[in-house]
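Protein chains in written order, with the numbering used here: chain P, 1 to 301; chain L, 1 to 462.
Heads up, some of the hints might be wrong.
[Stated by the list, open to error] Using 30 Å as the maximum straight-line C-alpha spacing, the simulated DSBU-like pairs for lysine-lysine come out as follows:
#, chain 1, residue 1, chain 2, residue 2
1, P, Lys26, L, Lys350
2, L, Lys350, P, Lys202
3, P, Lys22, L, Lys192
4, P, Lys76, L, Lys187
5, L, Lys350, P, Lys269
[To be verified] Distance ranges between label pairs, derived from CB positions:
#, chain 1, residue 1, chain 2, residue 2, range
6, L, Thr400, P, Asp129, 19 to 29 Å
7, L, Gly366, P, Val241, 30 to 40 Å
8, P, Glu75, L, Lys128, 33 to 43 Å
9, P, Arg206, L, Glu405, 39 to 49 Å
10, L, Glu15, P, Asp165, 55 to 65 Å
11, L, Arg9, P, Val241, 44 to 54 Å
12, P, Glu80, L, Glu78, 26 to 36 Å
13, P, Val11, L, Glu405, 44 to 54 Å
14, L, Lys21, P, Ile199, 36 to 46 Å
If you're looking for bench data, these hints aren't it; they were derived computationally from the structure.
Think of the CB as a built atom: it goes at the ideal place given N, C-alpha and C, for glycine as much as any other residue.
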Amino acid sequence: MYKILRKKELVPNIYQMDIEAKRVAKSALPGQFVIVKVDERGERVPLTICDYDREEGSVSIVFQTLGASTQKLAEKEAGEEIRDFVGPLGNPSEVVTEDAEKLIDHRIVFIAGGVGTAPVYPQVKMLKDKGIKVDVIIGTKSRHTLILEEQFREVAENLYICTDDGSYGYHGLVTDQLKELLDAGEKNYDLCVAIGPMIMMKFVARLTKEYQLKTIVSLNPIMVDGTGMCGACRVTVGNEVKFACVDGPEFDGHLIHFDEAMRRQSMYKSQEGKKTIEKEQKDVHKDSGFCSLGEIAHDEK
Amino acid sequence: MMKNRVPVREQKPEERVKNFKEVSFGYNQEEALREAERCLQCRNPRCVGACPVAINIPRFIQELKDGRIDKARDTIGEASNLPAVCGRVCPQEEQCEGKCIVGIKGEPVNIGKLERFVADWAMETGYKNTEKAPANGHKVAVVGSGPAGLTCAGDLAKLGYEVTIFEALHEPGGVLVYGIPEFRLPKETIVKEEIRLLKDLGVTIETNVIVGRTVTIESLFEEEGFEAVFIGSGAGLPMFMGIPGENANGVMSANEYLTRANLMKAFQEGYDTPISHGKHVAVVGAGNVAMDAARTAARLGAKASIVYRRSEKEIPARAEEVHHAIEEGIEMNLLTNPKEILVDERGFVKGMVCVKMELGEPDASGRRRPMEIEGSEFTMPCDSVIMSLGTSPNPLISSTTKGIETNRRGCILVKEESGATSLEGVFAGGDAVTGSATVILAMSAGKTAAKGIHEYLMGKEK
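Okay, chain P solo, but in the shape it has when bound (with noise of 0.2 Å):
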């Protein structure tokens, strides 16, 4: 068992938990993920790891209710304690592990969408704390889904933030403020780093192709135990069939058969969904939580 030590809700649906995992804590790096289950009936969920605190013994995660899963761990307090939650998994990042020397001239730009903005800080924080010069350029629905702010000011060189509304920063997508970037031709990047959406690191690839800006991605496939093997996390890279737990997750975003990767991650959406109202649909007379539904609706989309 493993004790949530802290439990905060960001902005609403995204909660950030640092979990008291010590043998975790001890060897993760940036860009690893661990795979949590929250109790004896759950299901093995990846999650990347955001930050770690190796004198405390302690993991940070940041996630969205999307699902069952993750709802039910969302349901879960400070002092309560989580079953499962292994890793570190996968490689670590290739930039934040690379010796600064080599990249102390690079200018590399991180694009960070949604939940996916929480893994990044970490990450930009390294790198400025070895020297390294790193913009930031966050996508986000609204202002009030936007996360870590603050934070990211204090770490980036320059921070550009996009909303789809327009309420807040940029109005547009992060490949539209990303293209200006570089349309405008002050900004020779050497590097982009992109962790979000399957969608969204799709578009930033196809974009940073034409411009041959060397791209990386952090992939998010349906996983089960994360360790190689049972191979549901497979993805097309190149013309090789690669495995995201153990080659992965990070990969040459220009190599990705990104079609193929979010067709099976939408592999067992319908059941997902489809279990979520059933059970919704069971507690409804405990209290009318009808208003997820409706996300629910969309999330199958």
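Fit chain L to the supplied structure of chain P, relying on the hints for placement.
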């Protein structure tokens, strides 16, 4: 002397295909005693030589006949740490029973079911397995809690070692919990109980620890004070065919399908993990794992078909499993090989193009080589495909452990007599060494390594 063995009661095929309960009920005491009477108590028992862990079979059968079932359990326990498992999943026809003298003129003594009866009886009556040497102060780490690791840990604990098993998944048991289905090997009543008996010996099991990521072999020695390590991490890396359409939705490895069903209990109401409910599931391969996947699919309501490129004679699965599968309505497409998986506009499987095969000359392995019959392509309609082509060792440990030698298939190289690897103090056994094999061979390798570790550490002490 009865020529035929006492029959074993089973769930009827038409009933059991609707549930995940164990197919075979096993013997009751009266049946077990009758079957035990058939043993001739050979002076030079051929069955013992054919058992990979050399259980004293005539002795335990005699003790059973004498009504001293607890003694029979002790006798089995001297050689085996998992009798309730082995009585169920060993390919006895190739091992003990295959050599039984009674089998020459009639049916061999049903040694597997007698072992199972003794083990189950002992569990039900609260048997305790605590006979062990006093603590010797030495610490040994075991990587992986499958049959090899559990056996090695059990034997070392009996010798007085302080043993910790590190398991990557959230439940111990390895293939016994994620691979072999409930209807062949019940998890709560059998696997958990056998593991509890090992814990009674003082073995500690730490789940959610991935050696190679969470900790390394090096850190186990340098930071955690272990003096020897046994690697029993198995062969869990699934193989795919590399044919077009293989990444379609609905194509998965048998490992994924069985892990969802068995470990995550996706078949059971109230568990969160989803599983694909295909209407027609094609399983490629004909090993035990393929039979398990097809029979699981049938229980989830699908029409299930085995697709195998060789003929009936070459089927690698246990005879009993093939027999059970056919009884349950699994369709056998032999001498058939997939060429391509057809995908609909949503990216889901809609069928599989197969070709008929014929057997040519024997190849290097002595098996006749399957060859395509030109122009025999046909399309098999199906909405799920499960690839059960075998597995190879996961490179996670070998790639993070400096100085450990592997062969080109990624199998760890060991000295046969001791299980010692190229790295001092590190031993290995089971599928991590041989590639995918059987439960009992993994157990036998675990035993050999426990002996090897004991000799190594006692030698060091002198």
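Return holds or violated for the Cβ distance of valine 11 of chain P and glutamate 405 of chain L against the range 44 to 54 Å.
Distance hint for valine 11 of chain P, glutamate 405 of chain L holds at roughly 52 Å.
Taking 30 Å as the top limit, are the C-alpha atoms of lysine 26 of chain P and lysine 350 of chain L close enough?
violated, 47 Å
Can the suggested window of 19 to 29 Å be confirmed for the beta-carbon pair threonine 400 of chain L and aspartate 129 of chain P?
holds, 26 Å
With the threshold set at 30 Å, check whether the alpha-carbon distance from lysine 350 of chain L to lysine 269 of chain P stays at or below it.
Between lysine 350 of chain L and lysine 269 of chain P the Cα gap is close to 19 Å, so the pair holds against 30 Å.
Please test the hint of 33 to 43 Å on the beta carbon pair from glutamate 75 of chain P and lysine 128 of chain L.
holds, 41 Å
Does lysine 187 of chain L sit within 30 Å of lysine 76 of chain P, going by the straight-line distance between their CA atoms?
Cα-Cα ~28 Å, so holds.
Outcome for the supplied range 36 to 46 Å, where the beta carbon pair is lysine 21 of chain L and isoleucine 199 of chain P
holds, 44 Å
Cβ-Cβ distance between glycine 366 of chain L and valine 241 of chain P: within 30 to 40 Å?
holds, 31 Å
Holds or violated: lysine 350 of chain L to lysine 202 of chain P, with C-alpha atoms at most 30 Å apart
Status holds; Cα separation ~27 Å.
Return holds or violated for the Cβ distance of arginine 9 of chain L and valine 241 of chain P against the range 44 to 54 Å.
holds, 46 Å
Glutamate 405 of chain L and arginine 206 of chain P - C-beta distance against the hinted 39 to 49 Å
45 Å Cβ-Cβ, so the 39 to 49 Å window holds.
Glutamate 78 of chain L and glutamate 80 of chain P - C-beta distance against the hinted 26 to 36 Å:
Hint violated: Cβ distance 45 Å, outside 26 to 36 Å.
Hint compliance for this structure: hints 1 and 12 are broken, all remaining hints hold.
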